[in-house]
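Residue numbers (full-length UniProt numbering), protein chains in the order written: chain S, 1 to 538; chain A, 1 to 538.
No lab work stands behind these hints, which were simulated from the structure alone.
Every value quoted in this text rests on a predicted model; they were computed, and no experiment measured them.
Since no wrong hints were added, every one of them can be taken at face value.
Identical copies look the same in the list; a pair holds intra-copy or inter-copy alike.
Simulated pairs of lysine-lysine, DSS-like, Cα-Cα distance not exceeding 25 Å: (1) Lys520 / Lys125; (2) Lys125 / Lys524; (3) Lys64 / Lys125; (4) Lys66 / Lys520; (5) Lys163 / Lys490; (6) Lys445 / Lys472; (7) Lys302 / Lys489; (8) Lys175 / Lys489; (9) Lys490 / Lys175; (10) Lys302 / Lys175; (11) Lys411 / Lys58.
Next come the chains, spelled out residue by residue.
2 protein chains.
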Amino acid sequence: MLSLRRSLRGVRGVSLYIAPSTRAVAKGLAAQAARRTAVAAPYSTKSVAFTADTYGSKVSRDEKYKKLDDADTKYFESVLQDTNGLITDADDLLFFNEDWMRKYRGQSQLVLKPKTTDQVSRILKYCNDNLLAVVPQGGNTGLVGGSVPVFDEIIISLSNLNKIRSFDDVTGILKADAGVILENADQYLADNGYIFPLDLGAKGSCHVGGVVATNAGGLRLLRYGSLHGSVLGLEVVLPDGTIYNSMDSLRKDNTGYDLKQLFIGSEGTIGIITGVSILCPARPQAFNVALLAVSSYETVLKVFAGARRELSEILSAFEFMDGKSQILARRHLKLDHPIESGEYPFYVLIETSGSNKDHDDEKLETFLGNAMEEGLVDDGIIAQDETQLRNLWSWRESLPEVTASAGGVYKYDVSLPLADLYGLVDAANEKLVEANLADLDDESKPVVDAVGYGHIGDGNLHLNVCTRVYSKEIEQVLEPFVYEWISEKKGSVSAEHGLGFQKKNYIGYSKNDVEIEMIKGLKKHYDPNGIMNPYKYV
Amino acid sequence: MLSLRRSLRGVRGVSLYIAPSTRAVAKGLAAQAARRTAVAAPYSTKSVAFTADTYGSKVSRDEKYKKLDDADTKYFESVLQDTNGLITDADDLLFFNEDWMRKYRGQSQLVLKPKTTDQVSRILKYCNDNLLAVVPQGGNTGLVGGSVPVFDEIIISLSNLNKIRSFDDVTGILKADAGVILENADQYLADNGYIFPLDLGAKGSCHVGGVVATNAGGLRLLRYGSLHGSVLGLEVVLPDGTIYNSMDSLRKDNTGYDLKQLFIGSEGTIGIITGVSILCPARPQAFNVALLAVSSYETVLKVFAGARRELSEILSAFEFMDGKSQILARRHLKLDHPIESGEYPFYVLIETSGSNKDHDDEKLETFLGNAMEEGLVDDGIIAQDETQLRNLWSWRESLPEVTASAGGVYKYDVSLPLADLYGLVDAANEKLVEANLADLDDESKPVVDAVGYGHIGDGNLHLNVCTRVYSKEIEQVLEPFVYEWISEKKGSVSAEHGLGFQKKNYIGYSKNDVEIEMIKGLKKHYDPNGIMNPYKYV
Numbered sequence: 001m002l003s004l005r006r007s008l009r010g011v012r013g014v015s016l017y018i019a020p021s022t023r024a025v026a027k028g029l030a031a032q033a034a035r036r037t038a039v040a041a042p043y044s045t046k047s048v049a050f051t052a053d054t055y056g057s058k059v060s061r062d063e064k065y066k067k068l069d070d071a072d073t074k075y076f077e078s079v080l081q082d083t084n085g086l087i088t089d090a091d092d093l094l095f096f097n098e099d100w101m102r103k104y105r106g107q108s109q110l111v112l113k114p115k116t117t118d119q120v121s122r123i124l125k126y127c128n129d130n131l132l133a134v135v136p137q138g139g140n141t142g143l144v145g146g147s148v149p150v151f152d153e154i155i156i157s158l159s160n161l162n163k164i165r166s167f168d169d170v171t172g173i174l175k176a177d178a179g180v181i182l183e184n185a186d187q188y189l190a191d192n193g194y195i196f197p198l199d200l201g202a203k204g205s206c207h208v209g210g211v212v213a214t215n216a217g218g219l220r221l222l223r224y225g226s227l228h229g230s231v232l233g234l235e236v237v238l239p240d241g242t243i244y245n246s247m248d249s250l251r252k253d254n255t256g257y258d259l260k261q262l263f264i265g266s267e268g269t270i271g272i273i274t275g276v277s278i279l280c281p282a283r284p285q286a287f288n289v290a291l292l293a294v295s296s297y298e299t300v301l302k303v304f305a306g307a308r309r310e311l312s313e314i315l316s317a318f319e320f321m322d323g324k325s326q327i328l329a330r331r332h333l334k335l336d337h338p339i340e341s342g343e344y345p346f347y348v349l350i351e352t353s354g355s356n357k358d359h360d361d362e363k364l365e366t367f368l369g370n371a372m373e374e375g376l377v378d379d380g381i382i383a384q385d386e387t388q389l390r391n392l393w394s395w396r397e398s399l400p401e402v403t404a405s406a407g408g409v410y411k412y413d414v415s416l417p418l419a420d421l422y423g424l425v426d427a428a429n430e431k432l433v434e435a436n437l438a439d440l441d442d443e444s445k446p447v448v449d450a451v452g453y454g455h456i457g458d459g460n461l462h463l464n465v466c467t468r469v470y471s472k473e474i475e476q477v478l479e480p481f482v483y484e485w486i487s488e489k490k491g492s493v494s495a496e497h498g499l500g501f502q503k504k505n506y507i508g509y510s511k512n513d514v515e516i517e518m519i520k521g522l523k524k525h526y527d528p529n530g531i532m533n534p535y536k537y538v
Numbered sequence: 001m002l003s004l005r006r007s008l009r010g011v012r013g014v015s016l017y018i019a020p021s022t023r024a025v026a027k028g029l030a031a032q033a034a035r036r037t038a039v040a041a042p043y044s045t046k047s048v049a050f051t052a053d054t055y056g057s058k059v060s061r062d063e064k065y066k067k068l069d070d071a072d073t074k075y076f077e078s079v080l081q082d083t084n085g086l087i088t089d090a091d092d093l094l095f096f097n098e099d100w101m102r103k104y105r106g107q108s109q110l111v112l113k114p115k116t117t118d119q120v121s122r123i124l125k126y127c128n129d130n131l132l133a134v135v136p137q138g139g140n141t142g143l144v145g146g147s148v149p150v151f152d153e154i155i156i157s158l159s160n161l162n163k164i165r166s167f168d169d170v171t172g173i174l175k176a177d178a179g180v181i182l183e184n185a186d187q188y189l190a191d192n193g194y195i196f197p198l199d200l201g202a203k204g205s206c207h208v209g210g211v212v213a214t215n216a217g218g219l220r221l222l223r224y225g226s227l228h229g230s231v232l233g234l235e236v237v238l239p240d241g242t243i244y245n246s247m248d249s250l251r252k253d254n255t256g257y258d259l260k261q262l263f264i265g266s267e268g269t270i271g272i273i274t275g276v277s278i279l280c281p282a283r284p285q286a287f288n289v290a291l292l293a294v295s296s297y298e299t300v301l302k303v304f305a306g307a308r309r310e311l312s313e314i315l316s317a318f319e320f321m322d323g324k325s326q327i328l329a330r331r332h333l334k335l336d337h338p339i340e341s342g343e344y345p346f347y348v349l350i351e352t353s354g355s356n357k358d359h360d361d362e363k364l365e366t367f368l369g370n371a372m373e374e375g376l377v378d379d380g381i382i383a384q385d386e387t388q389l390r391n392l393w394s395w396r397e398s399l400p401e402v403t404a405s406a407g408g409v410y411k412y413d414v415s416l417p418l419a420d421l422y423g424l425v426d427a428a429n430e431k432l433v434e435a436n437l438a439d440l441d442d443e444s445k446p447v448v449d450a451v452g453y454g455h456i457g458d459g460n461l462h463l464n465v466c467t468r469v470y471s472k473e474i475e476q477v478l479e480p481f482v483y484e485w486i487s488e489k490k491g492s493v494s495a496e497h498g499l500g501f502q503k504k505n506y507i508g509y510s511k512n513d514v515e516i517e518m519i520k521g522l523k524k525h526y527d528p529n530g531i532m533n534p535y536k537y538v
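Just chain S, with the same shape it has in the complex:
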């Protein structure tokens, strides 16, 4: 890595100091390996409490829904024509019933894994006709309990619908089944000189369809914009089995309401996305990643303003992490911090990507040189090769796992005006300390710490309350306090993670009554029987 502190003068010129990279590489690989096993690991420990028990006072099974019987299962067998497509074994079901944070656990007795859109259509039509409730499930990497059942809903997994359908290397339009894993889609595009216009930590597990159904934002929204802009068409099975198909849409098409938009972020409540057509940009030729240490949140914002001005069209990510999240990362990953010179209150990860490495280097060096001369940056490193670059990203992407490592985590994914953004972390900590619930080192306290990181470029904070155990007491301190705080600042209670089960009752903090009525109206319009992902969203 290039160390900025040790070579401020060098940054402005050509003679860059390059730090030995071997240890950094080892670090990153360890972090990566840890991240890869993070999802699987929890299933070996004791099982999670049923959502029906944990939240029994708030939600009960709607008895209008039919209970699954043998005749239903037989019908589904006839549709799938493959017994591997049905999961009924209790042990096997566990993986689909639980979310990866181990907060929610449903009691579904049946997972269906259709291989074609037509099978999805026949399944849904049957469920709709018979009032069988369903939960669509992608990679099950969601953070709000949206992809697991609350009670006995049938799980429809898209994991067997996993083919790339086509790619046009002139226009960059990729058409894929919903169940294609994001990382696979991006690798396929990389082989063709293109890039998926979205990236996130769960890319090794999450599905393209799930990403669209939850309107995921991720790490590069700053550069490539939201899925509402890049998704060109969808194939969606509506609750009555009707197949809506706009997969042939070109980049511009102004003939009628843009129906596909309704399904982007609909979290499986009005249809099941089975296919996605998305416009992919050319893969940048040159990437740079820098990790910077700064002394205050205000300085983070100043660095951001400078980056937008000076890096402009090549700025592709601007992430921040607070110092407390880095303490936890060091402990959990058992690694030195990439910036070795000390502990700092805030860290910023900047990525640039462009078509000309020399130009990008020059822009980045000028920007960093200015930032250091102005005293905005206390220390920093620049990745010098692909491995170092990946390692820095791995460090950032390990945070969801790090923050859950003490036992559990309450995750709040919020949008706030930039000036107020970090104030929420301070406010949450204050409340937890006041209630005598939090201590970094005292194992008797249920909360380790409330830490913050996220996508400054999008005004998106991830507040993570890292806990040793989940408890009603913590929840009562945090909610509705956190939502009220956000509402007061006119933020959103869910920037990118969605509503799911967790935030169903908190939509009123981000949406007004007219909006909520309109949302309910659309839900009823498309899913009059309410079979799709019930007890959630709205």
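Following the hints, put chain A in place on chain S, whose structure we already have.
For chain A alone, kept in the frame of chain S given last:
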């Protein structure tokens, strides 16, 4: 201007040849002046036939709608509390009843110009309760007859709702009344270092709200993406007077269906947009514009592929014009072509914009040098200053006026797969010549020529059939032929101009039955009485 042909060697190095620019400046200014008066001019000549007469065989007034009476007018007076807000004078009404292409003319007896959202709400509620049909109208620059009445619908003009509400110079979020003129919004943003993420020829007249209501694409979609990605929130008055307001939304907000998306491109059929919140990018520091002459459409595509690869993140526009459109431009503008060395089959206008002029120049010069060495570009010029840059854009932007200058124009705004795109112009010409209707110089023929230009970067062709007179005969040759041709290639019959009145019956060429049913379902859901912009869209 920098001439490429005379300085191919220079392009690769530093010693660029700069052509005398005075004549070019004069040209551009003349073109600009001509463009500015283009909309106003037609109103001085004889009046347009009523749509009700021209299309009487296809559409008749729906007698469920109430006819305006004095009591209605009195009520509207009481709402607006300003007699200037009502237009009832026959001469004054003409401007609002006719579209600028002079193809459509309604017979409205009343134009209302509310000054507040609340007034719009009270007007709509009254109209809905009394079954009075309405047409929302922005700058009335549409190309499909969507913003003028077909019969006696009341026109609700947004022109008095014309204030910038707020601008946040940290996030780039602009909030504006719907009636703010696009050019004014962009000038306001320029003063603050930002840019409106959309630009189009009619910017001096069209409204921000109209642009959103029609999901306009324009000249820089290639760089900044569609409005579905950049609009953050809307204020919309629904047919029953309810005010939907999502103006406080931040960049990311995943709480419920993204309702605002429905109104982007809804052409006034389910609500009236009264306010727009939009995310604006930082204004690039450096712009370059080059105009290139190439020998074939295939070569246009090759130049485009190269530009995407080599100009990548700084490419902000890639426009093409066929040689025939340039012949008409020379005649109408009475000016030499910016490229003086001869007539070429195709022309390409490339714009780059970025944060570092030196870097951009180097990228553009490398790209153009390569293109010329490969024999892709026959001649070309690069604007050397702001005035030359504007002049080249003016030349391109004069085409809508140029193509209408012989008397009238049938405009087809279509999306097609790139390889097929220009084939439609050839096919249309063939049909017209076959029917003995077209000749460039023979004044007895109704059609001058069918020409093509548009946004290659978006797969968007503007086919313009330039006529001396409008006639049923021409229309019968062109329709449904053009739509069938597009449908066969899986294109869209409206890339960016919308459906309006012109294409209401042709949506089936771009949308399948399920989609059309879903669109009709939403129309009925939001406008059960059908008072909003009837006889159009779907």
